[in-house]
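Colleague: Here the structure of chain A is known, so what remains is to put chain B in place on it, guided by the hints.
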Amino acid sequence: MSDLRSPLARARGLGSAKHGLQHWWAQRLTAVALVPLVVWFAVSLVMLSGADYGAVRAWIGSPFVMVLLLLTIGIGLHHAQLGLQVVIEDYIRSDGWKLALIVVVKFIAALFGLAAVVAILRIGFGG
Amino acid sequence: MSAVNRPVNRPLSPHLQVYRPQLTSMLSILHRATGIALSVGALYLAIWVICAAAQPRVYEWFQGFNGSIVGRIVLGGWLFSLFYHLCNGIRHLFWDAGYGFELKDAYRSGWIVVIVSLIATALSWVVGLRLI
Chain A
1 MSDLRSPLAR
11 ARGLGSAKHG
21 LQHWWAQRLT
31 AVALVPLVVW
41 FAVSLVMLSG
51 ADYGAVRAWI
61 GSPFVMVLLL
71 LTIGIGLHHA
81 QLGLQVVIED
91 YIRSDGWKLA
101 LIVVVKFIAA
111 LFGLAAVVAI
121 LRIGFGG
Chain B
128 MSAVNRPVNR
138 PLSPHLQVYR
148 PQLTSMLSIL
158 HRATGIALSV
168 GALYLAIWVI
178 CAAAQPRVYE
188 WFQGFNGSIV
198 GRIVLGGWLF
208 SLFYHLCNGI
218 RHLFWDAGYG
228 FELKDAYRSG
238 WIVVIVSLIA
248 TALSWVVGLR
258 LI
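Protein sequences, first through last, are from chains A and B. Note that our numbering numbers the first sequence so that position 33 is 33, with each residue one more than the last. Note that our numbering numbers the second sequence so that position 67 is 194, with each residue one more than the last.
Excised from the complex, chain A in its bound form (with noise of 0.2 Å):
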């Protein structure tokens, strides 16, 4: 097989940033984690339809649900940014475009995901 890298990489010399792996197993990490709070979520999701909004206030702050809810949003839009990032990598050629969709993903990642926790802490300490 020819040799994979251009005379100038192999000139540079650098090899890889050693940092593949951070993210590889970021992704897993939050995917294990996810297993159980989609299948709590999926069951508590079906058992509240038809519920009403107090019913639905009273649910979400509850301390139970708001610790695992918490964790469910804060954690699925972590392990969603990750993903999309890679989607994107995979897909998008250009270097500018590339970083500036990464950027915008992982910002209202954080955006909606911190709306949502003042969110649910204000349905659970009043406000």
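No lab work stands behind these hints: they were computed from the structure. Hints may be right or wrong, so weigh each one.
[To be verified] Listed next, with one range per pair, are the computed distances between beta-carbon atoms:
#	chain 1	residue 1	chain 2	residue 2	range
1	B	W222	A	L121	33 to 41 Å
2	B	G191	A	L29	54 to 62 Å
3	B	I246	A	G13	51 to 59 Å
4	A	R5	B	G191	41 to 49 Å
5	A	Q22	B	I217	20 to 28 Å
6	B	E187	A	S62	20 to 28 Å
7	A	A100	B	R137	51 to 59 Å
8	B	L143	A	D95	36 to 44 Å
9	B	P148	A	L4	27 to 35 Å
10	B	R159	A	A100	20 to 28 Å
[Stated by the list, open to error] Here's a subset of chain B near chain A, in silico, CB distances under 10 Å, partners left out:
#	residue
11	P148
12	M153
13	A169
14	V176
15	G191
16	E229
Glycine is no exception: its CB is placed at the ideal position from the N, C-alpha and C atoms.
Modeller: For chain B alone, coordinates are given in the frame of chain A:
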């Protein structure tokens, strides 16, 4: 052409269009598609709790959308995406651990994922509607 500018002769992997569609590749694509759908679904989930923290009429507006035809289709797709990505995600975790790579096993686990996610979607849909 100078040596520096010479294009590197990297091997290209054959892409989607040269393959006959098969269960394993279709499920792989569906995993990615449902992952993208669920990213939007996670924002939908965030909007749900934000609406619940707002005034009752805001929540009623959100519930009104969920009850509409479009809302029901979105929620149905959301549920299926969730169950499919969950089941196939577990399949991926087994692969990561080094199990289930034989062709026979890959097909069997693939069919199990399809059947379980369809049953889970149908079951939660029927139970959910009965509770309303």
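Colleague: Each of the hints needs a verdict: does it hold here or not?
Modeller: Going through the hints against the structure:
1. W222(B) <-> L121(A): 33 to 41 Å: Because 38 Å falls inside the window, the suggested range holds.
2. G191(B) <-> L29(A): 54 to 62 Å: 38 Å, violated
3. I246(B) <-> G13(A): 51 to 59 Å: 55 Å, holds
4. R5(A) <-> G191(B): 41 to 49 Å: 58 Å, violated
5. Q22(A) <-> I217(B): 20 to 28 Å: Once the Cβ atoms are compared, 23 Å apart, the range 20 to 28 Å for I217(B) and Q22(A) holds.
6. E187(B) <-> S62(A): 20 to 28 Å: Taking Cβ atoms as reference, E187(B) and S62(A) lie about 22 Å apart, which means the hint holds.
7. A100(A) <-> R137(B): 51 to 59 Å: At 26 Å between Cβs, range violated.
8. L143(B) <-> D95(A): 36 to 44 Å: 24 Å, violated
9. P148(B) <-> L4(A): 27 to 35 Å: Holds, since P148(B) and L4(A) (Cβ atoms, about 30 Å apart) stay within the stated range.
10. R159(B) <-> A100(A): 20 to 28 Å: Hint holds: Cβ distance 21 Å, inside 20 to 28 Å.
11. P148: Interface hint status for P148(B): violated (20 Å vs cutoff 10 Å).
12. M153: Not OK, violated: M153(B) not within 10 Å of chain A, min 17 Å.
13. A169: 5 Å, holds
14. V176: This hint holds: V176(B) lies near chain A, its Cβ roughly 5 Å from the closest one there, short of 10 Å.
15. G191: 12 Å, violated
16. E229: Violated. Min distance 22 Å.
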